[in-house]
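Novice: Residues per chain are reported as follows:
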Amino acid sequence: MTVSAYLLLASVLFVIGTATVLLRRNSIIVFMGIELMLNAANLAFLAFSRMWGNLDGQLAAFFVMVVAAAEVVVGLAIIVSLFRTRRTVSVDDENLMRH
Amino acid sequence: MNLTVVLAVGPVIEFDWYKLAPVVVVLVAAVLATLVEAFAPVRARRLIEVPLALLAVASAGLLALHLAISPQDISGATANGAVTIDPLGLYLQLAIAASALIGLLVIADRTVQGDDAFAPQASAVPGSEYEEQARKAGLTQTDVFPLVLFATGGMMLFPVAGDLITLFVALEVLSLPLYLLSGMARHRRLLSQEASLKYFLLGAMASAFFLFGAAWVYGATGSLSLSRIGTAISGGLTQDTILLTGVVLILAGLLFKVGAVPFHYWTPDVYQGAPTPITGFMAACTKIAAFGALLRVLYAVTPGLEWDLTPVLWTVAILTMVVGTVIGLVQRDVKRLLAYSAIAHAGFILTGVASFSPDGISGTLFYLFTYGISTVGAFGLIALVREVDAEGHMRGQATGLDQWRGLGRRSPLLAGTFAFFLLSFAGIPLTAGFVGKFAVFAAAFGAGAAPLAITGLACSAAAAFFYARIIVAMFFEESPDDSVVARTGLGIGVRTLGLTQIAVAISAVLTLVLGVIPGWFLNFTEELSLLWVP
Chain A
44 MTVSAYLLLA SVLFVIGTAT VLLRRNSIIV FMGIELMLNA ANLAFLAFSR
94 MWGNLDGQLA AFFVMVVAAA EVVVGLAIIV SLFRTRRTVS VDDENLMRH
Chain B
569 MNLTVVLAVG PVIEFDWYKL APVVVVLVAA VLATLVEAFA PVRARRLIEV
619 PLALLAVASA GLLALHLAIS PQDISGATAN GAVTIDPLGL YLQLAIAASA
669 LIGLLVIADR TVQGDDAFAP QASAVPGSEY EEQARKAGLT QTDVFPLVLF
719 ATGGMMLFPV AGDLITLFVA LEVLSLPLYL LSGMARHRRL LSQEASLKYF
769 LLGAMASAFF LFGAAWVYGA TGSLSLSRIG TAISGGLTQD TILLTGVVLI
819 LAGLLFKVGA VPFHYWTPDV YQGAPTPITG FMAACTKIAA FGALLRVLYA
869 VTPGLEWDLT PVLWTVAILT MVVGTVIGLV QRDVKRLLAY SAIAHAGFIL
919 TGVASFSPDG ISGTLFYLFT YGISTVGAFG LIALVREVDA EGHMRGQATG
969 LDQWRGLGRR SPLLAGTFAF FLLSFAGIPL TAGFVGKFAV FAAAFGAGAA
1019 PLAITGLACS AAAAFFYARI IVAMFFEESP DDSVVARTGL GIGVRTLGLT
1069 QIAVAISAVL TLVLGVIPGW FLNFTEELSL LWVP
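These protein sequence lines map, in sequence, to chains A and B. Each residue of the first sequence is one higher than the one before, starting from 44 at the first, in the numbering used here. Each residue of the second sequence is one higher than the one before, starting from 569 at the first, in the numbering used here.
Pulled out of the complex, with its shape left as it was, chain A reads as follows (with noise of 0.2 Å):
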């Protein structure tokens, strides 16, 4: 397979999670749309990284898997305590402040 081939299906990812984060209602399945990006950039850096025949491609799927593990420690944590308070995780219901 060529590196086009990866390319593709990190941009179908990409945009598959974009639209979820964009569509979906329930916070979770958004925050798996983002996770999804994520993996996506991940897909297409170790594509290019073999394109180029260098490793920083490889060394920033590295950085992004950590980050990414931090993030849904943070996410997850939001989540959760919002969850405790409203019994809801969607985030039509997330508009006291819609003047």
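Hints listed in this document are in silico derivations from the structure and should not be mistaken for laboratory results. Among these hints, one or two may not hold up.
[Claimed, not checked] Beta-carbon label-pair distances, calculated as ranges:
{"#": "1", "chain 1": "A", "residue 1": "Val46", "chain 2": "B", "residue 2": "Ser795", "range": "18 to 28 Å"}
{"#": "2", "chain 1": "B", "residue 1": "Ser638", "chain 2": "A", "residue 2": "Gln101", "range": "36 to 46 Å"}
{"#": "3", "chain 1": "B", "residue 1": "Val1077", "chain 2": "A", "residue 2": "Trp95", "range": "48 to 58 Å"}
{"#": "4", "chain 1": "B", "residue 1": "Gly644", "chain 2": "A", "residue 2": "Met75", "range": "41 to 51 Å"}
{"#": "5", "chain 1": "A", "residue 1": "Leu65", "chain 2": "B", "residue 2": "Ile1085", "range": "42 to 52 Å"}
{"#": "6", "chain 1": "B", "residue 1": "Val894", "chain 2": "A", "residue 2": "Gly96", "range": "32 to 42 Å"}
{"#": "7", "chain 1": "B", "residue 1": "Ser638", "chain 2": "A", "residue 2": "Phe126", "range": "21 to 31 Å"}
[Claimed, not checked] Facing chain A, a subset of chain B residues (Cβ under 7 Å, in silico):
{"#": "8", "residue": "Leu620"}
{"#": "9", "residue": "Leu623"}
{"#": "10", "residue": "Ser627"}
{"#": "11", "residue": "Phe768"}
{"#": "12", "residue": "Gly787"}
{"#": "13", "residue": "Asp837"}
In this text, a Cβ means the ideal position worked out from N, Cα and C, and glycines have one as well.
Please build the complex by placing chain B on the supplied structure of chain A, with the hints as guidance.
Specialist: Frame of chain A, contents of chain B only:
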């Protein structure tokens, strides 16, 4: 191959700790503060955390200043190219440290009743018995300090990042603590938690955009280092679609952080919901850090992409100024109003960035410093205005514009200082805000970006109206007597330990001094910009 062989043949990475000192000091203090949270007894934590945080940020600022004025040339890359130290980066670090220091004073302050801005236990469900017990026991969430230190460390790394990985890591190190801090307000906790969730989901999405953009730029140029990307682009990659896609996605991620239209949706909600001292801290420091990173990325890629990016930046700058001003006109909440004002200001600063000239950069640098300082002061004052009930007990913050009616009679000094900050935001002469605006608009005219400057002037004039509305509410509307104040929930300035007052005094004096005698400082930023732009 065993490990020793790898170590023997692998490239040696040079860490110049001297140059990295400002960032390292803050991050080490953040780790120490986390350990204090883990091991120190509850009562001692606050006493250790506050001096530790203030000391760390102050010494980071002094180290940056020391490096900047040291006679030997400290410019250059270190840590294998991950960090690029130069006078511009050190200036931005100094500006961030100064704003963060003033912000920390506001964060550390509490009312005479021992009421700080943060929930006694952020994990307790709002309104639950557990929360009430925590409040009665006088618990305080001192984890705020390590979080603020981590955020400050990330911000100080952001404008000196030398490659896209460091840029991404710094972006996350500054953002993740801020997501948490936004959700920790003591009063109106539902709003605060909502702000936290919105900020997190939108911020994480913006980071993903940034990262995907970084991947494409890497694909187009074969490198993640900003300097090598610049070389590759000026070597003739200008028509490359992959590259342009990548750069635009990276810019989207950075423009989100500065709150530029169309990536501004989080700004009003987060500014309103977050604890007020945190709002001030992040409004000032994030803006400085993100504009610093924006300058880095833009000027790394502009030798080849200037013509492609100029229309994008112009559109964003004009939209940002117009949307911030127009929607700001109809706001009824002081924090929300300042959020739209912050959006408009992001547009004014973008005017300086988008003019692609040394004058524009010099104006941007001046504007960032003065705007940061006065924003922290203004939000510090907002944090002091509280509702009181009939027995005279402090309740939540009074941020509604109606609650500010007649504040000038109840708390004249507070209202007067706030009015001064508002005049600076509006760009009235003899304030630093005027000089900053003048510098960026003049640069835009000079660089042939007249439409930007004209939009900016029109928006400034319109924005003066909503600042004036607060001033009118404070000084020219009747203040009912004290019993009515309590019943109608009007705001009144509270007595605190005095840290906020110190912070506000520092920022007011700086705003005044840089407004009255700005020449020396402008010369200084001009020198910086000439050093930096070839």
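Novice: Please go over all the hints and tell whether each is borne out by the structure.
Specialist: Each hint tested on the structure:
1. Val46(A) - Ser795(B): 18 to 28 Å: Check passed, 25 Å falls within 18 to 28 Å.
2. Ser638(B) - Gln101(A): 36 to 46 Å: holds, 38 Å
3. Val1077(B) - Trp95(A): 48 to 58 Å: This hint holds: roughly 53 Å between Cβ atoms.
4. Gly644(B) - Met75(A): 41 to 51 Å: Once the Cβ atoms are compared, 43 Å apart, the range 41 to 51 Å for Met75(A) and Gly644(B) holds.
5. Leu65(A) - Ile1085(B): 42 to 52 Å: holds, 50 Å
6. Val894(B) - Gly96(A): 32 to 42 Å: violated, 52 Å
7. Ser638(B) - Phe126(A): 21 to 31 Å: violated, 52 Å
8. Leu620: violated, 23 Å
9. Leu623: violated, 26 Å
10. Ser627: violated, 27 Å
11. Phe768: Because about 5 Å separates Phe768(B) from the closest Cβ in chain A, which is inside the 7 Å limit, the hint holds.
12. Gly787: This interface hint holds because 4 Å falls under the 7 Å limit.
13. Asp837: holds, 5 Å
Hint compliance for this structure: hints 6, 7, 8, 9, 10 are not met, and every other hint is.
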